[in-house]
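Participant: If you want the building blocks of each chain, they are given just below.
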Amino acid sequence: MNEQNQQTLDTLQDIKRMMERSSRFISLSGLSGIAAGICALVGAWFARKEFEPYYNNFNARGDYAGDDFQALKLRLLIIALAVLSAALVSAFYFTWRKARHNKLPVWDLTAKRLTINMLIPLVTGGLFLLAMYQYNEWRFLAPACLVFYGLALVNASKYTLTDVKYLGLLQILLGLINTQFVGYGLYFWAAGFGVLHIIYGFVMWWKYERNG
Amino acid sequence: MKGTAKVNYIKKLELKNPITGLNKIFDNRIRLGIMSVLMVNEEINFNDLKEMLEVTDGNLATHLLNLEENGFLKVKKGFVGKKTNTTYSVTRAGEKAFADHIAALENMIKGVK
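Taken in order, these protein sequences are the chains called A and B.
For what it's worth, numbering that gives the first Met the number 0 labels the leading residue of the first sequence as 0, then goes sequentially.
For what it's worth, numbering that gives the first Met the number 0 labels the leading residue of the second sequence as 0, then goes sequentially.
No lab work stands behind these hints: they were computed from the structure.
One or more of the hints may lead you astray.
Within a straight-line C-alpha distance of at most 27 Å, the following computed BS3-like cross-link-like pairs (lysine-lysine) qualify [as the list claims (entries may be wrong)]:
{"id": "1", "chain 1": "B", "residue 1": "75", "chain 2": "A", "residue 2": "15"}
{"id": "2", "chain 1": "B", "residue 1": "49", "chain 2": "A", "residue 2": "102"}
{"id": "3", "chain 1": "A", "residue 1": "15", "chain 2": "B", "residue 2": "109"}
{"id": "4", "chain 1": "A", "residue 1": "111", "chain 2": "B", "residue 2": "81"}
{"id": "5", "chain 1": "A", "residue 1": "206", "chain 2": "A", "residue 2": "157"}
{"id": "6", "chain 1": "B", "residue 1": "76", "chain 2": "A", "residue 2": "111"}
{"id": "7", "chain 1": "A", "residue 1": "111", "chain 2": "B", "residue 2": "82"}
{"id": "8", "chain 1": "B", "residue 1": "95", "chain 2": "A", "residue 2": "15"}
{"id": "9", "chain 1": "B", "residue 1": "73", "chain 2": "A", "residue 2": "15"}
{"id": "10", "chain 1": "A", "residue 1": "111", "chain 2": "B", "residue 2": "49"}
{"id": "11", "chain 1": "A", "residue 1": "15", "chain 2": "B", "residue 2": "23"}
{"id": "12", "chain 1": "B", "residue 1": "95", "chain 2": "A", "residue 2": "157"}
{"id": "13", "chain 1": "A", "residue 1": "15", "chain 2": "B", "residue 2": "49"}
{"id": "14", "chain 1": "A", "residue 1": "157", "chain 2": "B", "residue 2": "49"}
{"id": "15", "chain 1": "A", "residue 1": "111", "chain 2": "B", "residue 2": "73"}
{"id": "16", "chain 1": "A", "residue 1": "157", "chain 2": "B", "residue 2": "73"}
{"id": "17", "chain 1": "A", "residue 1": "206", "chain 2": "A", "residue 2": "72"}
{"id": "18", "chain 1": "A", "residue 1": "111", "chain 2": "B", "residue 2": "75"}
{"id": "19", "chain 1": "A", "residue 1": "157", "chain 2": "B", "residue 2": "75"}
Put together the whole structure using the sequences plus the hints.
Facilitator: Structural data, given as structure tokens:
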């Protein structure tokens with residue numbers, strides 16, 4: 000290829016890069032996914048431990064005790080909030096690192112758009128889950144977590160790497176299957192927020208970041 | 000290559016390859032950048048555009064004015080609180096001209112393969 004054509008090709012690539020960079024947040028790191036997944040698995044392990052004394056008491060007494068249930072609820076809520084904070088902080092850290100490495104601003108127009116479009120379904124889901132929690136409606140907590148999160152990802156995928164959409168669809172699918180297996184919520188939750196995040200994060204890292 | 004040298008170069012190319020659609024207005028990197036951003040964003044304000052293209056205020060304003068005078072973009076002046084907020088969007092004519100320009104560039108590449 001001669002010099003003139005090389006220049007034309009460069010121009011076309013510039014245009015493509017500019018279009019992509021101005022419409023999508025491209026600094027989302029695969030390592031963020033892996034970190035969030037690890038946080039979720041650690042959280043699920045702690046939550047699993049909380050259920051043991053509860054069921055031991057339940058079996059020993061032979062019936063349901065309201066106080067035990069309230070104590071369990073509170074402990075699980077604390078674990079959930081801790082997992083959420085740890086996952087957000089670690090996810091943000093790796094994405095910030097990637098943006099800095101690529102010399103891109105981390106909080107630009109595309110980041111703002113991604114955030115707002117992710118937050119609408121996510122905050123809705125969060126409030127919905129809190130209402131379920133308020134009325135002791137535990138059966139569909141995990142499925143609702145997965146479904147709302149999945150919908151948030153599908154929505155967010157229009158504003159960042161399109162691959163996020165597949166992660167979202169899998170979360171939704173897992174959540175819907177979980178509705179037919181009430182009582183196994185924690186396992187589905189760990190599979191979605193833990194395992195899927197780690198696999199997705201690894202694939203993204205392999206695809207986009209391994210060589211950079 | 001800069002300024003007239005580049006214009007002559009494009010003219011020469013046009014003579015050699017009869018490619019229609021190449022637009023001299025998009026021969027400038029900043030104008031090309033502005034158009035690329037506007038093609039994929041419904042509207043964008045001055046500061047976001049400045050950040051995206053990494054250019055100075057004056058430089059950006061000049062090129063925006065040029066594109067506006069050519070009828071390729073629409074300007075909307077508004078306020079966010081007390082600050083002025085000027086947003087830009089692409090016109091039909093701008094969209095057409097830019098699409099033609101890209102098609103011409105692509106033809107140039109295909110032509111030699």
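Participant: Each of the hints needs a verdict: does it hold here or not?
Facilitator: Verification of the supplied hints:
no.: 1; hint: B:75 x A:15; verdict: holds (26 Å)
no.: 2; hint: B:49 x A:102; verdict: holds (16 Å)
no.: 3; hint: A:15 x B:109; verdict: holds (17 Å)
no.: 4; hint: A:111 x B:81; verdict: holds (22 Å)
no.: 5; hint: A:206 x A:157; verdict: holds (19 Å)
no.: 6; hint: B:76 x A:111; verdict: holds (22 Å)
no.: 7; hint: A:111 x B:82; verdict: holds (20 Å)
no.: 8; hint: B:95 x A:15; verdict: holds (17 Å)
no.: 9; hint: B:73 x A:15; verdict: holds (22 Å)
no.: 10; hint: A:111 x B:49; verdict: holds (16 Å)
no.: 11; hint: A:15 x B:23; verdict: holds (19 Å)
no.: 12; hint: B:95 x A:157; verdict: holds (25 Å)
no.: 13; hint: A:15 x B:49; verdict: holds (18 Å)
no.: 14; hint: A:157 x B:49; verdict: holds (23 Å)
no.: 15; hint: A:111 x B:73; verdict: holds (24 Å)
no.: 16; hint: A:157 x B:73; verdict: holds (25 Å)
no.: 17; hint: A:206 x A:72; verdict: violated (40 Å)
no.: 18; hint: A:111 x B:75; verdict: holds (21 Å)
no.: 19; hint: A:157 x B:75; verdict: holds (26 Å)
When held up to the earlier numbered hints, the structure conflicts with hint 17 and nothing else.
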